[in-house]
Every structure is written in C-alpha cells, then in structure tokens.
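Novice: Let the sequences and hints guide you as you build the complete structure.
Number of protein chains: 2
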Amino acid sequence: MSFEWRAYLRDNYDTHLDELKEYLRIPSISALPDHNDDVRAAADWVAGKLRDAGFPEVEFISTDRNPIVYAHWHVDDNQPTVMIYGHYDVQPPDPLELWETPPFEPTERDGRLYARGASDDKGNSFATVKAIEALYKTDGQPPVNVKIFFEGEEEIGSPSMAPVIREHKDKLSCDFVISADGGMHAADQPSVTISSKGLAACQVNLKTAATDLHSGVHGANVPNAVQSLVELAATFHDDNHRITVEGFYDNVVDLTESDREDIAKVPYDEDAYKQMVGVSALKGETGYTPNERAWARPTLDINGFWGGFQGDGVKTVTPNEAHLKITCRLVPKQDPAEIVRLIEAHCQKHCPVGATVSVDPFPGQAFPFSISRDHPGLKTAMNVLEDMYDKDVLVTRIGGTVPVAELFQRELGSDMVFFSWGLPDNGMHAPNESYRLVDFQRMREGYCRYLQALAR
Amino acid sequence: MSFEWRAYLRDNYDTHLDELKEYLRIPSISALPDHNDDVRAAADWVAGKLRDAGFPEVEFISTDRNPIVYAHWHVDDNQPTVMIYGHYDVQPPDPLELWETPPFEPTERDGRLYARGASDDKGNSFATVKAIEALYKTDGQPPVNVKIFFEGEEEIGSPSMAPVIREHKDKLSCDFVISADGGMHAADQPSVTISSKGLAACQVNLKTAATDLHSGVHGANVPNAVQSLVELAATFHDDNHRITVEGFYDNVVDLTESDREDIAKVPYDEDAYKQMVGVSALKGETGYTPNERAWARPTLDINGFWGGFQGDGVKTVTPNEAHLKITCRLVPKQDPAEIVRLIEAHCQKHCPVGATVSVDPFPGQAFPFSISRDHPGLKTAMNVLEDMYDKDVLVTRIGGTVPVAELFQRELGSDMVFFSWGLPDNGMHAPNESYRLVDFQRMREGYCRYLQALAR
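Just so you know, the sequences run in chain order E and R.
All residue numbers for the first sequence refer to this note's numbering, where the first residue is 640 and numbers rise by one.
All residue numbers for the second sequence refer to this note's numbering, where the first residue is 640 and numbers rise by one.
Errors might be hidden in some of the hints.
[Said to hold, decoys possible] On the chain E side, residues computed to face chain R include the following (Cβ under 10 Å):
(1) Pro672
(2) Leu737
(3) Leu838
(4) Phe875
(5) Asn942
(6) Phe1001
(7) Asn1071
[To be verified] Simulated pairs of lysine-lysine, DSS-like, Cα-Cα distance not exceeding 25 Å:
(8) E:Lys913 <-> R:Lys846
(9) R:Lys846 <-> E:Lys922
(10) E:Lys846 <-> R:Lys922
(11) R:Lys988 <-> E:Lys922
(12) E:Lys988 <-> E:Lys846
(13) R:Lys810 <-> R:Lys688
(14) R:Lys922 <-> R:Lys904
(15) R:Lys660 <-> R:Lys776
(16) E:Lys776 <-> E:Lys688
(17) E:Lys846 <-> R:Lys913
(18) R:Lys913 <-> E:Lys988
(19) R:Lys922 <-> E:Lys988
(20) E:Lys913 <-> R:Lys988
[As the list claims (entries may be wrong)] Chain R is nowhere near these chain E residues, computed Cβ spacing over 12 Å in every case:
(21) Arg690
(22) Ile833
(23) Leu1051
(24) Gln1091
Just so you know, the hints here were simulated from the structure itself, not pulled from any lab data.
It should be emphasised that the depicted structure is a prediction, and the values quoted were computed from it without experimental measurement.
Quick reminder that beta carbons are idealized off the backbone N, C-alpha and C, glycines included.
Specialist: Pasting the structure below:
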C-alpha cells in the first residue's frame, strides 16, 4: 500500500476534469422518455471508464427501464468487500431560461463547474472511478474488494431497484455499501449522514365538465376544474402547516430529546439560509426547528400544478380538467404505498362538488433509511474525514431520498455509509447546478484514503 | 322592395357555405402573437367579400393591433342607418387533442359545421354579408343605409375599440347597432338579448425563492410557490361561492323582483343542462337560480393555473413561481379597472408568508351593457323573429361579454340590438365548436327580413 496515488491525481487533474465534462454533456434525463437514448449513452460511457480504471469485470444488469452499470474487482478473500453506489441519470433541466450557461454544456466559473448533474450525481460518482483508477495505476489494484453499482433511475425514484437487488442478491453481496450520492454539511465542514427520507409520489387529476367551456355562458354555474383543484389542494395542510391527510402521521417515529439535541448541535444560520435561497421568510410545520423539519419531519409537497389556459393574453374559458403532482418526504416507519392510499382517500373525501378526482401513484416509492451511529464503516469514514479536514465531523441527516439505501439494507442486509461531497448551495435539481472543483479533488483523494483505511 | 332574395339564397347556399369554410380555414387567433398574419389575412378576406356584396365603400380602420373592417352603403337620406357589428378573430383552439376533426379544417357532420369560429363569430357575421349580397343581387341595394363594423380583437377583450370609436365618431354614427355576435336561447326558440356582462382580466404572478429547489433539501422550510398560490387562490370565494374580494359587490345593481320574474319565464331544465355540459352538479353563488347567476350576477373565474413541473413522471422540486389567470364577468355599475384594483389589493392582503405577488391587468376590459326593452329596433327584431318562427320571442340576457356594446352606447349614443344565432351547445371557446347549418340559412334570411322591416 503506497501513497503514490496523490501524485497521480495531481498530475491527471486536467484530464479527469475534461472527462467529467464529457460525461456531463450527455443529457441523461431519466424522467423524460425522449432522452432514453441519452440515458443509455451515459451508461455506456461510464462503463468504459470503469474498464479504463482497471475493473476486470464490468457489465450491465438490465432492468425494465435503464441498466445498472455494475463492476467487480475481487483482490483478496481476506479483505472486506464494499460496493460503491451512485447514479448516472440526471434531473430535467427546466426552467431552461434561468440557466446562465446551457445545462449540458459544462462551464467553469469562479472555481465551480456548472452543468446539470455536475454535483448530483455525475460529479460525485465519477470521482470514485478516478480514485480507483489512481490506485490501479500506482498500486496495481485497490486495497479492498470493490463492487460498483451505478443506477440510471435515481431521479425517478429508482423503480427497478427492488426486484433487481432481490434477483441479484448473491452478486451484490458486500459488507456494506458506500454511497457516492449524498452531501457534506458545508463547504469546509465534514459530516456524515445517518438517515435519509423516504418518498411517495402521485399525480392528482380532477375533472368537471365534458369539455372546456365559455366562461360567460357557463362559468357562473359549471364547476371550474382549476378552481375545484385549488379548493382540494388547499385542504392538504392546516394553518400550522401540518398535513391534514387522515392517518398521515400515524406511524411517524417522533424525535427523541437526544435526537433533537444532536440536531441542535449542527450550526444553522437562518438569515444566511434565507438569503441563499432568496426568501423573506421560512414556512414549515409549527413546533419544529428548520433542521428538524428538513431532516426528521415528513412533508407533502406540490411539485407542479396545471390546468386551463396558460398562453399569452386572455382566454375566457372555464377549464374542465386540472392536475397536480405531489411528492411526500417520509420518515422512519412511514410506508410510501400506504401514504399514497391515504392521499387518495383524502382526495375522494374532499372532492369538490361536481368534480371527479383520480390519483395515480408513481413508481419509485422509497422507504426512509437510517444507519446506526456505531457502524464500523461509518466510524472509519468519520476518521478519514477528520484527518483530511482536521475538524470534528458532524453527524447529520438528509431530507432528500436515496431510495436504494433502505433497499440494500432490507434485501442484502448491507448498511449504507454516505461518503460524498454534495453541498447545499450546489443547486441540485435547480437551474445552474454546480460542483466545487476543490470538492472534485477532495473526493478523488477521500476515496483513495477511505478504501486504504478499510483494508485490514 | 322584392322578396327575390329568397330564391337567391336558396340557389347560392352551397357557394355561400364553401365561402364560409374558406373563411374558417384562416386561423385568425387574436390571443396568440404567432397568428398576427392570419388575423390580417382574415381581415383582407372578409373585406373582399364585402366588396363582392356590393358595398361601394370598404376600408380598414387601423388600430394598435388588428384593423377594423369597415364598409358603408348609403342608399337614401330618408332611411335609417344601421351598423352591423361582428368580429373576424377567433379563440385559441387548445386543447387540440380534444378536437374530433382539426379546428381549422371545417367539417360537416350531422347537420353541423365544425371549426373554431364556426359559430363565434365567423359563421354568424358572414351570414350578414351574404344577406346583403342577396339584396344587392336581386334589388340592386339594401333597403336601409348599412354600415359594417367587423373587428379583430373581440376574443382578447376589444382593447382598441374605445379610442377608435371615439376617434371615428362621425364616420360610425348610426341610428343603432345590430350585433351579429350573440345568441338564441335554444335551437327552435327565438329570443332577444337585453344585456351582456362586462369583463375584467388579469394575471396573478407569485414568487418565493430565487430558483426552483430540491424538495428534499429545502421543501420542509422554503415556501412552495405553487402551494402558496393555491392558498391565495382559495381565498377568492367563500363557502357560498360568493366572491370575498373586498368591495367586489359594492356597485352591483341588485336584481329587482320584476327582473327575477322575467328570468324565471325562460324555460330552464337543470338536468338537461347538466347532461349537456357533462357535470354531476352545478356550483354557483348561493341564493340565485342558474339563469340569474349566468345572466345577472358577477363572477370571478380562474381560467388557468400553472407552476412547477408538468412533464411526465416525477420531479422532486419545490417550485419558486406560479401563475394564474383571472377573468371576472361583471354586471351593471361594476367598473372593470376598479375590479382589477380590488383583486390586486386582495392578493396583496392575502399574500402568503415568504411570497411576493404581482397582478398584471390585461387590456380589453369591458363595461357591462343593457338596452331598454322599449327600443324600436329591438321591437322590430322581435317582430321579425316571431314571424319567422311563429312563436313568442323570449327576452333573455347573456353571460358573455360583447365589449363594444357598451362602448357604442357610451361613445356614439347608439344602442345595440343583438340579432344573431349562436346556440348554447355550439361549443364556443371550447373544442369541437360547431354551427347548425339550418341557422346559417335562417340567419341569411333573417337579415334580409330585418333590414326590409326597418325600412320606412
């Protein structure tokens, strides 16, 4: 075991960054069927890079949608086996007009790389490939047995993962999983994450009349679908911003005093946060701090609403249909399928007069996830981070969802350690997503250190 | 004065219908800037047809947007002068996927002609041109002095009409105006209309954060623009479907007992109506009958709402902006500009925490209109209709807006008589708009009779 990888990473920084840009030019948007070919191209591209990094086995595990890029490098029966998780698909880039430079033309500005997926998750996951390449080129092989599991459906909720992990249980067996999809608390503050939220998603469709109608002739008497869906949507929360869907909180594990103390230790500057996101006030469930809400309280979010005329000018129409999309962020013991059933029951119960409503569940529901703070892989990660930064490592949680985290736990019995460099101001899922170039360096280095530290 | 026009209309029915189809193929959508050339093409086309119908003077009166097609035929100083009003612009056709045949490819089915504008207002207004052509070809000229005023901005609320009518006051002077834009109560039930509603229109824009945000990271704390606009939109009405905008009803002229008796005389079958529009229940202001609501009570209608992700699948986003469009149908003494000001004040007062809201008024606001039941032009129209149908003529009102009706009254001192054949089931402003072919025949005939009856 040598440390020559340091020089290798320094010498190849420009090459590795150019490769990342090439990766980011592929618009692998899993939510939009028009981009199916791009999603597949991204899978092919990253598989090639894994071969270049020395993996003797690289293959595609097929799913109903997008393949998993899988690789395996067995070096020693006496070493532990870790599986690195990431994803090669990205979010849609809209609204396009808000991007300063095109989302699929990666651009460097002020020490950051701007592109859709720059951070989430191409930048983060690709850094692990380069770390292993560095170990291969300098040591001949990684210090532990490594598997790679890069999926292509994370941004649509990982609908294929459950059956695939179940089917390939033996192939995927490992001591634990390391997630290259996740975040650091702040730019110069190392942290590890001990939980992520679950996800339930559905679309609510409301219909009134048989067609759109003239608002002057019919508007005073015929139920307006947009107005009706507004009435229904307004029933999802009460004045304390608590969710009013009956049964929604029934299985929620309440925060303990110890949980609340842990969360309170994490620095939080509300004014700085408001300024960063550009709002004059926060809004959330009464009785909880912002970090408690973001990390450990469930939400029901309307992600989109549309109905009636949306063009320029005026159209005097009484619309006959309207739609909205909901995602819920869930906390331990909430069951996503049950939550969608409760939402559907709520919509039927509160369906406005003269309207009919249907609720379509989306695939890719995810259970919430958590890992014990005593897990050895987690402790090693904390040691590496403390060594790199010379700072105490915070124990945090994330409000986002990594659907496979809970799945690996359930199906393989393998916990997941988040070891990744996503930052709150990276603009994930938003226009002008970016990745700090210093984090690309740190992450390549961090993975070399972590894999070496895991070796017996 | 002869009645040879009858034979002429019979002999030329196919030709006239073919010409109407040609007219309907021009997608003269005034609300969509991309169709400016089509709007102009429709103006040119109908001007040509007025020349063919014998009008010695045909010209365009220019406006800031779309020209008025104006024509004048002075036949005799001792005869009254009437001005026929109509419009050559049409509504947008969306949602396109609900049309059984393309909106701008007129198609005959089951005794109806299907196309955008088939009824509103190309079919109705073009019938008047053909009636005058028939009088010209058989009698050499119409029996009274006739002016034509076909505008191209009716479907966007006639924004240019006020300054144009004011500027051309002398040219447009007439004893009264006949509107070829308006309706009959039912297919075989003649009626005249004594009032129309006014219109106020605006767009409400709501903004929260600087960009769309990841719903897992930020959704529990950052105000969601769609959710916030839902909360705001839900404040526009109370549980009795009365409008809660402060001051909205202040100037409304309440219905008298006599008004309510008149309205009650008009047959109304609620079940048949519900079946026609395809709803299980009606919804409107408590304390009024459906016809009272539609004809004599003001409304606030949300015509469209959009914000956040609207594509296929799931996007876990906290949207940062959302929009809605409002039109209000107004009754006598309500002032459209004042109503928009009241709506803006309401939106500011009820603006949800952490959001900012702006209200953009749309041009083309219209005052409500009414005509005395003793007007001589109205009485003649009723006589002609009674003669044609051998039935009592109902006195009705319309919930729709004809912005120029009140304008002609205010600027020229000329009342407007509605003499047109729009029917409730013509699907105006909706997919599959149609025009009964028998009404095309009746309307050509009706105008020949009416103009002859007006001659001294």
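Novice: Could you work out which earlier hints the structure fails to respect and list their numbers in ascending sequence?
Specialist: none
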